[in-house]
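Sequence order for the protein chains is D and F.
Using numbering that gives the first Met the number 0, you'd call the opening residue of the first sequence number 0 and step up by one each time.
Using numbering that gives the first Met the number 0, you'd call the opening residue of the second sequence number 0 and step up by one each time.
Among the hints, erroneous ones may be present.
As the list claims (entries may be wrong) - In silico contact screen, one side only, chain D against chain F (beta carbon under 10 Å); selected entries:
{"hint": "1", "residue": "Ala79"}
{"hint": "2", "residue": "Leu187"}
{"hint": "3", "residue": "Ala189"}
{"hint": "4", "residue": "Leu208"}
{"hint": "5", "residue": "Arg210"}
Note that these hints are calculated values from the structure, not bench results.
As the structure is a prediction and not an experimental result, all values here were calculated from the model.
Glycine included, each C-beta is placed from N, C-alpha and C at the ideal position.
Spelled out from the first residue to the last, the chains are:
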Amino acid sequence: MRRLVALAPLLWLGLFFLAPFAVLLKISLSEPAIAQPPYLPLAEWADGIATVTLNLGNYIFLGEDPLYLLSYLSSARIAAVSTLITLLIGYPMAYVIARARPGRQGVLLMLVILPFWTSFLLRVYAWIGILKGNGILNNLLLWLGLIDAPLVLIQTELAVHLGIVYTYLPFMILPLYASLSRLDGALLEAAADLGARPLTTFATVTLPLSRPGIVAGSMLVFIPAVGEYVIPALLGGPDTLMIGSVLWNEFFLNRDWPVASAVAIVMVVVLALPIAVLRRAQGGDA
Amino acid sequence: MSEAPFVRIEGLTRRYGAVRAVEDVSLDIARGELFCLLGGSGCGKSTLLRMLAGFETPTAGRVVIDGRDMAGVAPHARDTNMMFQSYALFPHMSVARNVGYGLRRAGLSRHDTAARVDEMLDLVQMAPLARRKPDQLSGGQRQRVALARALARRPKLLLLDEPLGALDRKLREETQLELKKIQSSTGVTFVVVTHDQEEAMILGDRLGVMRDGRIEQVGTPVEVYEHPRSRFVAGFIGTANLLDGTIAEDARDHARIACPEAGLDIHVGHTVAGAKGEAVCVVLRPEKIALGAQAEGLPNRVEGRVEQVVYNGNLSMFHVSLPSGTRLRAARANTVRGVDAPGPGEAVTLGWPGSAAVVLPA
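Working from the sequences, and respecting the hints, build out all of it.
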């Protein structure tokens, strides 16, 4: 029974991560074709001999066209900046929740999770209504007399940041809350007793002890944000370059499955690297 | 005491809504003294300690430490340090960094900090483990690190909240004496909170017994044990037989207390406070009651029957029921091996001298 329980996550990983990954890897190594499905099979049976053709051309193509490299870099930058903003907003929120009275903590956590009760897509569409030229925000600012002409908010990188921060904030707050609520109040008193002012206590005790929460929260935001498609598609402009849109275009506009698969494989590999580094940093702490 | 007290606590009160955690406590503590605050859980001893550290704000009253009124002084600005019951060691720092934490905050250089940390770790014999993290230490080792950390800043006043509460009995006994030694060698004034009356008597130069937020009695261990001033203190410190009676005679050099419960008039070798006929409570410590042949010739003698003998190694406790139904406990040191002791069911004579009883207002 215990073995079965341990096996379940492995099975889940195998079915929903490794198997699709293998399929993607296979497609990324094949040649595109105008067919159904739109690529040539890797292995062929001819006269009783199996021939396997591995085509690395798709990967070479990714390196030749600067569009892909720029998209990767731009995605990483947008995701990194958004993650940092999310951390700066989420940390104080998590801190306040963790220090609230136990009865109140549940209510506050509920409020953090509340947006999940509405569809993600609807909530992003709602932001269009807020940000567009004659949207709620512009009208409010005009009415208050703070601006003379509507601001261009929608279809900018700013809007993409806003969307990512808004959408992923709960994923930052929850792990931060988990590590901050475990923090023993006596440690903070001990620091004060030993002469530390509140800010010093925060820097020398609270912050280092909440590092696992910071790392976990940042990963939960950064990783999906890199591959984000919906938010840049709805809120971003034509110059917002993100790998998610590139991938979409390759699949659905160009119908070049092999190149699209190669784009996805490279993204997974590129993401796995910083995760491994961060995990090591976290392991060293324990 | 001619000089001003080092720590003066005046009318200190802390209420949480209607709950009175500490109520009108006044107390003077001398420089270099080891003072124990003793009481059961919820008696307010920890709250009193936390007010000295600055973690709790008094509802009324004031604390003066070395001539400085502590009202409005934040914990980090006080010359006090606290050793926490849970030790509260920083789990992400090594032993040396834990001990040096307060020194760095006080603005000591890296070099001076390292020197003082070494000195402190030597004092508590933890120098070889300076690089360990707290979770790699045993309970006793953590206790030492916590003490070194609290002492490192050379505080005027060290506050210890149940400092030995988490140690097992054997280790606790060793550590009690060591703590006392460190206290006298450093000359720092200690205030120790404990619920263990035995520990308070071993550690304290003086102790304050607390109950329901108030101090019931302050005195040296001998004063508190031999001359308890209330029924509560008599029962809380050590074992005591408590008998109700009335004053039958009060002369210049002796008194008689009519005690139907014990079936005799108790002869007391000193004068008592109170008028004739007034109700009183007589405190009799078990070790002051003699059994059998040793009871001969003593002014107070009663016959009884042994109900139970509790053998405790160094002494045996005899539970004796008197004809009136009252039970008295008498202790006898087991100084001679194999000596005949009365067993359960046997008749026995109990006796005590005129100096044994303490008479309290009922």
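Checking each numbered hint in turn, tell me which of them this model violates, lowest number first. The structure conflicts with hint 1 only, although it agrees with all the remaining ones.
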